[in-house]
Amino acid sequence: MNLHLSSRDIGIRTLDIVSEMKSLEGPLLPILHEIQAEFGYVPQEALPIIARELNLSRAEVHGVVTFYHDYRDHPAGRHVLKLCRAEACQSMGGDQLAERVKTLLGIDFHQTTLDGAVTLEPVYCLGLCSAAPAAMLDGEMHGRLDADAVDGLVAEVRA
Amino acid sequence: MTVRIYVPRDAAALALGAERVAKVLASEIEARGLDATIVRNGSRGLHWLEPMVEVETAQGRIAYGPVKSSDVAGLLDAGLVEGGNHALCLGKTEELPFLKSQTRLTFARCGIIDPLSLADYRAHDGLKGLERAVTLAPADIVAHVTESGLRGRGGAGFPTGIKWKTVLETPGVRKYIVCNADEGDSGTFADRMIMEGDPFVLIEGMAIAGIATGATKGFVYIRSEYPHAIATMTQAVEIAHKAGVLGTSVLGSPHAFDIEIRAGAGAYVCGEETALLNSLEGKRGIVRAKPPLPAHKGLFDCPTVINNVISLASVPIIMDKGPSYYKDFGMGRSRGTIPIQIAGNVRHRGLYEAAFGLTLGQIVDDIGGGTASGRPVKAVQVGGPLGAYFPRALFDTPFDYEAFAAKDGLIGHAGIVVFDDTADMLKQARFAMEFCAVESCGKCTPCRIGSTRGVEVADKIAQGIEPEKNRELLADLCNTMKFGSLCALGGFTPYPVMSAMTHFPDDFSPAPLVEAAE
Chain X
101 MNLHLSSRDI
111 GIRTLDIVSE
121 MKSLEGPLLP
131 ILHEIQAEFG
141 YVPQEALPII
151 ARELNLSRAE
161 VHGVVTFYHD
171 YRDHPAGRHV
181 LKLCRAEACQ
191 SMGGDQLAER
201 VKTLLGIDFH
211 QTTLDGAVTL
221 EPVYCLGLCS
231 AAPAAMLDGE
241 MHGRLDADAV
251 DGLVAEVRA
Chain D
7 MTVRIYVPRD
17 AAALALGAER
27 VAKVLASEIE
37 ARGLDATIVR
47 NGSRGLHWLE
57 PMVEVETAQG
67 RIAYGPVKSS
77 DVAGLLDAGL
87 VEGGNHALCL
97 GKTEELPFLK
107 SQTRLTFARC
117 GIIDPLSLAD
127 YRAHDGLKGL
137 ERAVTLAPAD
147 IVAHVTESGL
157 RGRGGAGFPT
167 GIKWKTVLET
177 PGVRKYIVCN
187 ADEGDSGTFA
197 DRMIMEGDPF
207 VLIEGMAIAG
217 IATGATKGFV
227 YIRSEYPHAI
237 ATMTQAVEIA
247 HKAGVLGTSV
257 LGSPHAFDIE
267 IRAGAGAYVC
277 GEETALLNSL
287 EGKRGIVRAK
297 PPLPAHKGLF
307 DCPTVINNVI
317 SLASVPIIMD
327 KGPSYYKDFG
337 MGRSRGTIPI
347 QIAGNVRHRG
357 LYEAAFGLTL
367 GQIVDDIGGG
377 TASGRPVKAV
387 QVGGPLGAYF
397 PRALFDTPFD
407 YEAFAAKDGL
417 IGHAGIVVFD
427 DTADMLKQAR
437 FAMEFCAVES
447 CGKCTPCRIG
457 STRGVEVADK
467 IAQGIEPEKN
477 RELLADLCNT
487 MKFGSLCALG
497 GFTPYPVMSA
507 MTHFPDDFSP
517 APLVEAAE
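Going down the list, the protein sequences come from chains X and D. To get the numbering used here, take the position in the first sequence, counting from 1, and add 100. To get the numbering used here, take the position in the second sequence, counting from 1, and add 6.
Since the hints were made in silico from the structure, they are not lab data. Please note that the accuracy of each hint is not assured.
Dumping the calculated DSBU-like pairs for lysine-lysine here, alpha-carbon to alpha-carbon at most 30 Å [as the list claims (entries may be wrong)]:
{"#": "1", "chain 1": "X", "residue 1": "K122", "chain 2": "D", "residue 2": "K303"}
{"#": "2", "chain 1": "X", "residue 1": "K122", "chain 2": "D", "residue 2": "K333"}
{"#": "3", "chain 1": "D", "residue 1": "K223", "chain 2": "X", "residue 2": "K122"}
{"#": "4", "chain 1": "D", "residue 1": "K433", "chain 2": "D", "residue 2": "K449"}
{"#": "5", "chain 1": "D", "residue 1": "K134", "chain 2": "D", "residue 2": "K171"}
{"#": "6", "chain 1": "D", "residue 1": "K296", "chain 2": "D", "residue 2": "K171"}
{"#": "7", "chain 1": "D", "residue 1": "K333", "chain 2": "D", "residue 2": "K433"}
{"#": "8", "chain 1": "X", "residue 1": "K122", "chain 2": "D", "residue 2": "K248"}
{"#": "9", "chain 1": "X", "residue 1": "K122", "chain 2": "D", "residue 2": "K74"}
{"#": "10", "chain 1": "X", "residue 1": "K202", "chain 2": "D", "residue 2": "K74"}
{"#": "11", "chain 1": "D", "residue 1": "K223", "chain 2": "D", "residue 2": "K248"}
{"#": "12", "chain 1": "X", "residue 1": "K202", "chain 2": "D", "residue 2": "K433"}
Chain D stretches covered by chain X per the calculated footprint, using a threshold of three residues with CB under 8 Å from any CB of chain X [claimed, not checked]:
{"#": "13", "segment": "75-88"}
{"#": "14", "segment": "272-283"}
{"#": "15", "segment": "327-335"}
{"#": "16", "segment": "347-355"}
Here are the in silico distance ranges between beta carbons for each label pair [to be verified]:
{"#": "17", "chain 1": "D", "residue 1": "S33", "chain 2": "X", "residue 2": "P222", "range": "35 to 45 Å"}
{"#": "18", "chain 1": "D", "residue 1": "E408", "chain 2": "X", "residue 2": "L124", "range": "39 to 49 Å"}
{"#": "19", "chain 1": "D", "residue 1": "K74", "chain 2": "X", "residue 2": "D238", "range": "16 to 26 Å"}
Bear in mind the structure is a predicted one, so any value in this text is a computation, not a measurement. Beta carbons: idealized from backbone N, C-alpha and C, even for Gly.
So that you can see chain X by itself, here it is in the shape it has in the complex:
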């Protein structure tokens, strides 16, 4: 993931991705996933290129990007910590753990620490309801969390 790409680089890489994937049936979501995987977010510069290549309006592409929670409009921190906020995790003290993490990191949900180390996000269910409370750190699953375990996760992202 390179955060210092010029608009021109983004344009070239976007065109590559779109060309490669536009023959899929209903290609827009797979393309946006690939773009986010490439850049770490969906850059504004990519949207007109996608729109032109898929014969959509820019408004349509913008509408799709903004509808889905997964697509970011700016890069995340170096780590992304997602805490499950759904009922099964609530029943096992997830709310208190979330407060603890927020305090430890000094940020709220949807925010990134000033040093760019970590972005904190809520997630509504990781399917780990039998191992609640649960979290996902950079794609890795963590279950049966307690205060010690979240302290460990926070230390890991701070390192």
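Place chain D on chain X using the hints.
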């Protein structure tokens, strides 16, 4: 003979440290020069014992759990490879009461086989349903499924066979099978487990659906929160393709069928079938008005079967063992088995497949073993964030679509979340409204605006502002949402809210106003 040691690769096991256990085990096996190999299986569903390591012995599989990576050396010292005794030894896996009392039809292989070994799959009765299906006329396959009494396991409970029949009888140059794997309900993980633990059964079920309806292309729409399921399904489809299970000639028959795996993008509402279809088409996940039914005009306006993972994964055994075998399990109009997902604040957390008909009390107290915290059970939410909260007084309700509906609840995708007496039901009701507000697609007003107003009204009740008037207002709002929303998101959000208010009125009679207290 090389001993097979099983360490699950299921996401729940991984979340509890299975990967580290497997790594340490592998290096210890090498260092000690043991003749043993590690198989990464799915989960057996006894999640409070995960990571659960199993060893194959002459007497059958012996289980150990929950195993930490620091336990591995000690386990090997105790003779793990021969199924030796150890404090973590649970005995024979098959004899574990939680497992032994289940009726595993859909999950027959989950946790037993290597999920990505087609040879393992075949050796455990895999592909028999599809082999049978290719010899039958499409209408006969549909008749089998209809006769089995299988109903949509996603939550709506619509008869699967009727859906298939409609697609079969609708003319179309191109038809689709869409598998709804957008399992977003809290308390549910059956879809995830089967995709990670026995992906070929879903592929087989979809191929049978394709042959039965004349569809040649299938999509599995998996939520992005399930990266392991996406990876396993993607690999399984490749393997199935190479082996001729999928492709231009399914198992050498004249039928063509192929599957593509698609990832969602974090929108709960895409679990609603028409929103899912829009999402697959590359649009905003906005709910469509019905009619037209997806069976008539679904994906790209083509006739489309859209079924939940568990519905499709239950088809192979119906085709293999016959509809009456499946139908003989269950009660009333709820036939067959249902994988109940026991979650939240409960001791024995995991997946329990059983015939319909167990009471909620049996599930929570006997099978689940009460709360994990040891405190009394206060409420049980059945059916995800749109399901009702049940108090102990309703624990005699049998697990059955109609019985739950009669008690103003739903079984949904069969997830149950247990809460102990520290739960504040007003807070839970507020959360239901908040969740609806976050996830609403925005198409219809009762859901989009109603949920936000619902949060505000719940807050007023909590603050003691005209509580009686606001409780009435909340009930009225729920009524509007229930009957005025386009889909289940707005339409069912009233279930948790109203059930919380009806069964736990004390939580809705808050402390007096702060001003009054001062």
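Okay, the hints, checked on the actual structure:
1. X:K122 x D:K303: At roughly 23 Å apart (the allowed maximum being 30 Å), K303 (chain D) and K122 (chain X) satisfy the hint.
2. X:K122 x D:K333: Given pair K122 (chain X), K333 (chain D) is violated - Cα atoms ~45 Å apart, limit 30 Å.
3. D:K223 x X:K122: Within the cut-off at roughly 18 Å; holds.
4. D:K433 x D:K449: Distance of about 27 Å is within 30 Å: holds.
5. D:K134 x D:K171: holds (22 Å)
6. D:K296 x D:K171: With a Cα-Cα distance of about 18 Å, the restraint between K296 (chain D) and K171 (chain D) holds, given a limit of 30 Å.
7. D:K333 x D:K433: Violated: K333 (chain D) and K433 (chain D) sit about 41 Å apart, past 30 Å.
8. X:K122 x D:K248: holds (25 Å)
9. X:K122 x D:K74: violated (46 Å)
10. X:K202 x D:K74: holds (29 Å)
11. D:K223 x D:K248: holds (16 Å)
12. X:K202 x D:K433: holds (20 Å)
13. 75-88: violated (count 0)
14. 272-283: holds (count 3)
15. 327-335: Result for this restraint: violated, n = 0.
16. 347-355: holds (count 6)
17. D:S33 x X:P222: 35 to 45 Å: holds (37 Å)
18. D:E408 x X:L124: 39 to 49 Å: holds (42 Å)
19. D:K74 x X:D238: 16 to 26 Å: Given a distance of about 22 Å, which is inside 16 to 26 Å, the answer is holds.
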